[in-house]
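Student: Sequence:
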Amino acid sequence: MFSQNNTKFKELANLFNELEKTSSSLVMIDILANFFQKVSAEEAKLTAYLLKGKITPDYLGGEFGLAQKLVIRAIARAYNLSIEEVEKNFYKKGDLGNVAEELSNKKDSELTIIEVFKQLKQIVDSSGEGSQEQKINILSDLLKKSSFLEAKYIIRIVLGVLRLGVGDMTFLYGLSKFLVGSKKAKKTLEHAYNIFSDLGEVCYEALKYGLKKLEQAEPVVGIPTRMMLAQRINNLQEIKNHILGNVFVEYKYDGERIQAHIQKDKIELFSRKHENITHQFPDLIENLKKAFTGKNAIIEGEVVAINKKNNTLENFQILMTRRRKYDIDKYIKEVPIKYFIFDILYINNKSLIYKKLIDRKKEIYNNFQENNEINFAKCIITSDIEEIEAFFDKAIENGAEGIMIKDAESIYQAGIRGWNWIKFKKDYRDELADTFDLVVVGALYGTGRRAGTYGSLLLASFDPKYNRYYTFTKVGAGFTDKDLEEIPKKLNKFKINKKHHLVETNMKADVWFEPKLVMEVRGAEITISPVHTVAINIIKNGGLALRFPRFVRWRDDKSAEDSTTPDEIYQIYKIKNK
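Under the numbering used here, residues 1 to 578 are what the sequence shown spells out, in order.
Keep in mind that the hints were calculated from the coordinates and are not lab data.
We put the beta carbon where it would ideally sit given N, CA and C, even for glycine.
Just to be clear, a hint being listed does not mean it is correct.
Cross-link-like lysine-lysine pairs, in silico, BS3-like; alpha carbons within 25 Å at most [unchecked claim]:
#, residue 1, residue 2
1, 69, 355
2, 516, 21
3, 88, 493
4, 121, 145
5, 394, 378
6, 93, 10
7, 489, 273
8, 88, 107
9, 490, 273
10, 240, 355
11, 498, 21
12, 482, 516
13, 474, 499
14, 474, 576
15, 474, 493
16, 508, 498
17, 88, 378
18, 21, 499
19, 208, 38
20, 21, 183
21, 378, 309
22, 38, 212
Restraint ranges, calculated between C-beta atoms of paired labels, are given here [to be verified]:
#, residue 1, residue 2, range
23, 561, 65, 22 to 28 Å
24, 285, 22, 43 to 49 Å
25, 183, 539, 24 to 30 Å
Construct the complete structure from the given sequences, taking the supplied hints into account.
Tutor: Quick look at the structure:
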């Protein structure tokens, strides 16, 4: 059924080339399904990582550590050119992958997928004194052996700018089509991916052992599970449309959601994007050790910054000052935190994801003891709307940003945004105050005081059903002078020569970006627009657009695929236009 582990890397380069040329999800699925016929299970696993410009799943890190300047040096060394010559080419093309493709004089190579992956891993693993030079040498040697098309994609992989637009669900659809000839296996594959957060491992297990093993996927301590997500409502009366029985009503804290994996001799913390952020919170680690009374566990909670003068809750931006590699001890003192536990997925070698929430809550209380930094999320259990309303008012008064309403009988649905969990924030009460997490896909140049930078950014919503980004608004308000200064530095890495092939819009931009960075914006109202494209298939005479948007904050804790979906936006529009 599969080839041995000697598939040429040119096959993978050809795959990338085909994917880059298409914007059709159906065609992408067919291209991927055909590719799986050519490779072994191990090669397919490596392909899953390389498609994302990585060599590991997100939770293992695996950064190449090569900025543009170092890659330019590697290209110059590989092709016996001066750095200035390469820079001149880069200035013309705007893409170092295209520069390497043009400079290479090899039409073919004998490199295999396994060989290229091993050398890329050597780049990642190089550390310590002299590691930069070592990384440059490895990349240079790899380029010398590569054909022009291989060189193009090797450079893009290293820089993390492949721009292929293959969403996670598209990849799983392609794998399903190869395995069973249709999308029927997608549910099993998605379940396993939601549990393991690792496309490569899911791909390998499916090809090596079949779907039955994946059906039994359960959480593993040390491997982050994709987090369960919530729908939103604009009126508390809507709860009864979705949940009939008792609900847990919890404070919705304005912090960072963290999944903690606890073992006897080791505790690891993972962000919503599955980044390992353990090193940023040594104080949380120590307090979790004191609070936990069991053998091992996976729990979820919200880390919130605390005002050390009056012990009140601070906002998300204050907490983000703790997101750093250096001066951690200093910021532990300056920005104290609390961790509010609200769910548990695993305890004492047993998975709890199929247990009811009411039973999972008992396990939290049975296996943890509160201390100065570890608290249980404030909650009540009720079915009374008036009681929920009163609890909401109390939550706002105490510094929370709203409440979470959760079906007391619900299981933990990893990676799923369903109606078992509902969020209700202070903003939602105001008809003109919805907030949205949107992806930056373009920019317009500024004038006057903003000359030399971007005047506004074009934002889009990602639709996982169609693997498309639909534009919703452009935002130029709410930025501080410091924000405006930082925006080009933040975005330039993702600049591309033309509109990304997965972006749908009728709006023109001065600059286009690969959809990568997410920001939260607040708007006045949702209207129909001739240039924006959210829900354009439903609205017919235009798409939905956000009027009078204002920047709230960057959401570095979210990936582009975690942005507010067109379906969510349309539901809000429907409710407010009854």
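Student: Does residue 474 pair with residue 499 here, judged by a C-alpha cut-off of 25 Å?
Tutor: Since the Cα atoms of residue 474 and residue 499 sit roughly 15 Å apart, the hinted pair holds (cutoff 25 Å).
Student: Does the alpha-carbon distance linking residue 474 and residue 576 stay inside the 25 Å limit?
Tutor: 21 Å, holds
Student: Sort out whether residue 145 lies within 25 Å of residue 121, counting only the CA atoms.
Tutor: Roughly 17 Å separates the two Cα atoms, so the pair holds.
Student: Would the hint linking residue 508 and residue 498 be met if the CA-CA limit is 25 Å?
Tutor: Between residue 508 and residue 498 the Cα gap is close to 10 Å, so the pair holds against 25 Å.
Student: Does residue 490 pair with residue 273 here, judged by a C-alpha cut-off of 25 Å?
Tutor: 18 Å, holds
Student: Please test the hint of 43 to 49 Å on the beta carbon pair from residue 285 and residue 22.
Tutor: About 46 Å separates the Cβ atoms of residue 285 and residue 22, which means 43 to 49 Å holds.
Student: Just to be careful, I want the Cα atoms of residue 378 and residue 309 compared with a cutoff of 25 Å; is the pair within it?
Tutor: Distance of about 22 Å is within 25 Å: holds.
Student: Within 25 Å, alpha carbon to alpha carbon, are residue 88 and residue 493?
Tutor: OK: residue 88 and residue 493 at ~18 Å, within 25 Å.
Student: Between residue 183 and residue 539, does the C-beta distance stay in 24 to 30 Å?
Tutor: 27 Å, holds
Student: Need the status of pair residue 489, residue 273: alpha-carbon distance at most 25 Å?
Tutor: Holds. Residue 489 to residue 273 sits at ~22 Å (cutoff 25 Å).
Student: Next pair to validate is residue 88 with residue 378; report whether the Cα-Cα distance is within 25 Å.
Tutor: 59 Å, violated
Student: Are the Cα atoms of residue 474 and residue 493 separated by 25 Å or less?
Tutor: 20 Å, holds
Of the numbered hints given earlier, the model fails hints 1, 17; all others are met.
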